[in-house]
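Colleague: Each chain, written out:
Protein chains: 2
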Amino acid sequence: MPTPGPQPAMILVRPQMGENIGAAARAMWNFGLDRMRLVDPRDGWPNPKAVVMASGAGRLLDEAGLFKTTAEAVSDCSYVFATTARQRDMTKPVFSPEAAMKLAAEKIAAGDKVAVLFGPERAGLENDDIARANAIISVPVNPDFPSLNLAQCVLLTGYEWRRQTTEVIHETTEMAGSDWATGEDMENLALHYEERLTQAGFFFPETKAEGMKRNLRNLWSRTPLTRADVQMLHGILRQMVRWKERGD
Amino acid sequence: MPTPGPQPAMILVRPQMGENIGAAARAMWNFGLDRMRLVDPRDGWPNPKAVVMASGAGRLLDEAGLFKTTAEAVSDCSYVFATTARQRDMTKPVFSPEAAMKLAAEKIAAGDKVAVLFGPERAGLENDDIARANAIISVPVNPDFPSLNLAQCVLLTGYEWRRQTTEVIHETTEMAGSDWATGEDMENLALHYEERLTQAGFFFPETKAEGMKRNLRNLWSRTPLTRADVQMLHGILRQMVRWKERGD
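Protein chains in written order, with this note's numbering: chain A, 107 to 354; chain B, 107 to 354.
If you are wondering where the hints come from, they were derived from the structure by calculation, not from laboratory data.
Accuracy of the hints is not assured; some may be wrong.
The list cannot tell twin chains apart, which means a pair is met if one copy fits it or any two copies do.
[Stated by the list, open to error] Here are the computed lysine to aspartate or glutamate pairs in the EDC-like style, where the Cα-Cα straight-line distance is at most 20 Å:
id	residue 1	residue 2
1	174	227
2	213	227
3	198	285
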């Protein structure tokens, strides 16, 4: 993702520790987000501790917008989400991160400028900040232990943004330089084992032989074998025979 | 989530800093996961720094299982995921966190014991750890900046577990009178073949031996084997040895 397209601005409201600002920058860039805004950071700006922690995502800090108030930070945004762990007794839509980022992608595609507010480490967003938001994002955490830190909250939001806006491959198979075995490969493998194991006296007693052969074929056919695996299985059997014939 | 039901074990393999073990415990409990296992933590165990960082999730550390090796840590598990950022040139299924936790929920509902392996902070899992896993979990990160830390990787996995376990199970597996083989069954099978095939001179040349053993372990670990299948594979090998010794 060298040049991310339109995306939501991640706004850290009155963040306290520089380390957490740096960690948030890393979490954003992990998922291709690079529009950071800061509202009145406690320890001033720029912050060397943020730079150290951001290693690799330092560009986001250099380009981060600095604002005195939440109102100024969202002044150019047409739809604003606020992340909060607890109920605030406000009448406002509440979305899961998944639903929120789906909506964000739709609004951005329609030309909206979208932002997501993240509160200070301890207290979280103040009600006056949340009052400026169009909707709330609530992460479905364990109610017995809802304490997500700032960077984690940014991470989960970025993760859902990426899931909603890129084609995620849900299942694939990494191949180690070999194709899958063909039906012919599998037939030859089964025949090789049946022949040698018959000689070896494995299919005993006679009454069980057919069932044992079928179980072995079922094992092979259930196994996702590459041609290299099949060659290895042939080689194992051939080598056992050589060993037997060496008689050492 | 006061009493979580059956769930995957989160296995931290050779974790380095205690702070990261504590942060991983917090990330787990944020999403109701509380079965932590540790393989050979660098700074020993228990670790006071882990306890401080885990504040609120300390119970997970108290109850964490401590193991010397990855093999021991997965010995009671019948399906194991490995989290890794980069390709390892192994033939193995690769899942998104979403698809992986969906599968984990289905397997657990079907009675499987499932585990997820997380590697050390710097290097990540070793190939020999991954060779013991049935599948890989790959987080869809920004390819230009894929550096997730340990606790973040645990957090995203836990988040997807929570998302997927609110869903109904649509699929299960019909078993033909035998349970799936456990990690211990698979380890014993691999050791039996490695021992005999070493005697037989199969792992040749010496420079290729480790790679050949890993390929064989990958073949086993990729294979949905029942305990009956494992017994058959032991029996095949024993019979080839008997045949050799008969020298007929």
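Colleague: If you check each hint against the structure, which ones fail?
Modeller: 2
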